[in-house]
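Asker: Chains B and U are the protein sequences, given in the same order.
In this text, residue positions in the first sequence follow my numbering: the first is -18, and each later residue adds one.
In this text, residue positions in the second sequence follow my numbering: the first is 67, and each later residue adds one.
In short, the hints are calculated from the structure, not lab data.
Since this is a predicted model, take the numbers as computed values, not measurements.
Glycine included, each C-beta is placed from N, C-alpha and C at the ideal position.
One should not assume that every hint holds.
[What the hints assert, rightly or not] One side of the interface only, derived from the structure: several residues of chain U facing chain B at Cβ under 7 Å:
1. Phe72
2. Gln77
3. Gln79
4. Pro80
5. Leu81
6. Arg82
7. Ile84
8. Ile92
9. Ala95
10. Ala96
11. Ala99
12. Gln100
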Amino acid sequence: MKMPARQEIERLYDAHAAALFAFLLNLTRAEADTRDLLQEIFVKLARDATLLAGVREERAFLIRLAHNAAIDLMRRRGTRERTKENFAAEIISPFAPTRDPDEKIFRDELADALGELPAEQRAVVHLKLWAGLTFEEIAAVLDIPPNTAASRYRYGLDKLRGRLRPLYEEIK
Amino acid sequence: MKPDDFESRLQRQPLRPIPPEWRAEILAAARAAQVPYHSSPVTRHPQPSWPYSILYSLSSLLWPHPKAWAGLAAVWIFILAVNFSIRDSAPRRAEKSAPTTPEVLVELRQQQRLFAELVGPRESRDADRPRMFTPKPRGERAEMMVV
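Excised from the complex, chain U in its bound form (with noise of 0.2 Å):
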């Protein structure tokens, strides 16, 4: 085989034409990039809006990995709706378990007395008073030792 003949048979191969639609979109989009040159031609930089320059730092900011990103997002909804629906669902119980009837709040008060009774009013003052400490000379303390 000849290098020759070898290379002037790669040269013939015929090349994938470029796709006709494309001609239309390119220079559109080439247009487009002139626009805002020839409508301002004094400012040629104008400073973004605050919402274009937060959105634009956003998306470079996720762009390089948009589905951790949303997937994490999707976490704390979730959280966020579980927090939200445990803490309307507790008013709720409380108020269920709450005594409404006046037949259970004299029965509450009944059993609140028969305790009183059963507990005594001395025990429980002795109990809930705090002892003092009186200091005694030493001669006292060893006597009550010996005792």
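Looking at chain B on its own, in the form it has when it is part of the complex (with noise of 0.2 Å):
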């Protein structure tokens, strides 16, 4: 088995590792498991070169990684002390940070609706907005058909939008 080389393992970490964040954060909504399962994925690389070996669309590869990792371990927790634990720590925004009020309020509230939506509605909703995923590369990435990853999206937007519509009203 080839180990990957240390400069590889660099150079996936500098293409995906900002998206495969965006993704965890959205998905966990807390920084500590959003790096622990960005390390994990890092690591199972670096121990494993026959990942990567015949894949053709790396990002959307690391994806899937991600997503089951993040499955794993909503999973492992179990709902109760998820939900307990979103109570007590701070929910992180995946948005950055702005000192433009208008704008602050819409992301916190986009982040809030985000939150909202259950984990599949929310992962398709990022890959397709935010990854820029087709609904075809979405479904191979989720293991889904094609056409639950589109009503997915549909489901979770219309929720966005009945949330955030009077506030996109307002500031548009």
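Starting from the two chains in their separate frames, assemble the complex, guided by the hints.
Answerer: This is the structure:
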């Protein structure tokens, strides 16, 4: 088994870590969990070079790894503990901070609205809007039919629209 | 509100950047994960040493409820401490109550002698001796009852 060289791991990190970070942060809403999962992914890559052998779309493959790791984490913890932690710990917004007060309000509201979506809808919305994947790519990454990916996106977007409509109209 | 506008507005929201200090930490962890494989290419899965395996199994056992296990351990330590303190103080108390002076011994012997005189030697012997059962003929037993 050929080990990926140090430079190869660094290249993978520089190319994909930011996107993986945003996706994981949107799923977990906790910086510490995001860091743990990100480290887990790169440790896995460092241990086994065959993971990427024959992979054409590195980004899609790594997002799939990240999604599986996040789902595993959520299952391990269970719904009750996750909810308790969400109340106890400060939920981190997946969006960059800003000094513009209108933008800040909108981003905070959007982060809250995203947090209220079910994890499967949130994942699809994130991958479509901020990772730029098509429904076919999302379907391949999440291992679901493309129609399911499209419907989850529509449901999620409708919820966001309903929640953000007044604010959006006000600051448009 | 047009759906496209809303979607493009969402898409324009910049995502939070990854903390720059994570790069060194995560890459160091990845390099550390590579080390065992480079250092021992023949044995890919080296057997862990027995202290490590004991520690690993202990940590996997205790990890789900560490506070509960710590509380249980504290209770046991308290019980052991109380037990040891009681055991240590018991002989000391016995030593304190033991008669040490010859006057006390003489007084005790006098009391024993007085008690023996009061009770009397015959009564005590009779009381101590077990009564022997000697079977008698039935007729003799009936006579005794009549009397």
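Asker: Each hint should be assessed against the structure and marked as holding or not.
Answerer: Here is how each hint holds up against the structure:
Of the supplied interface hints, the one on U:Phe72 holds, with its beta-carbon coming within about 6 Å of a beta-carbon of chain B, less than 7 Å. Below 7 Å, beta-carbon pairs count as interface contacts, and U:Gln77 has one with chain B at about 5 Å; its hint therefore holds. Interface hint status for U:Gln79: upheld, as the beta-carbon distance to the closest one in chain B is roughly 5 Å, under 7 Å. A hinted interface residue such as U:Pro80 counts as satisfied when its beta carbon comes closer than 7 Å to some beta carbon of chain B; here the least separation is about 4 Å, so the hint holds.
Taken as an interface hint, U:Leu81 checks out: its beta carbon lies about 4 Å from the nearest beta carbon of chain B, inside 7 Å. For U:Arg82, the interface hint holds, since its Cβ comes within 7 Å of a Cβ in chain B; the closest pair sits about 5 Å apart. At a threshold of 7 Å, the smallest CB-CB gap from U:Ile84 to chain B is about 4 Å, leaving the interface hint in force. At its closest, the beta carbon of U:Ile92 sits 5 Å from a beta carbon of chain B; the interface hint therefore holds under the 7 Å criterion.
Interface restraint check: U:Ala95 against chain B, minimum CB-CB distance 5 Å, threshold 7 Å, status holds. Evaluation of the U:Ala96 hint against chain B yields a held restraint, the C-beta minimum of about 4 Å falling below 7 Å. Interface restraint check for U:Ala99: the shortest CB-CB distance to chain B comes to about 4 Å, inside 7 Å, so the restraint holds. Restraint check, U:Gln100 versus chain B: the minimum CB separation of about 5 Å is within 7 Å; hint holds.
Figure legend: structure checked against the earlier numbered hints; every hint is met.
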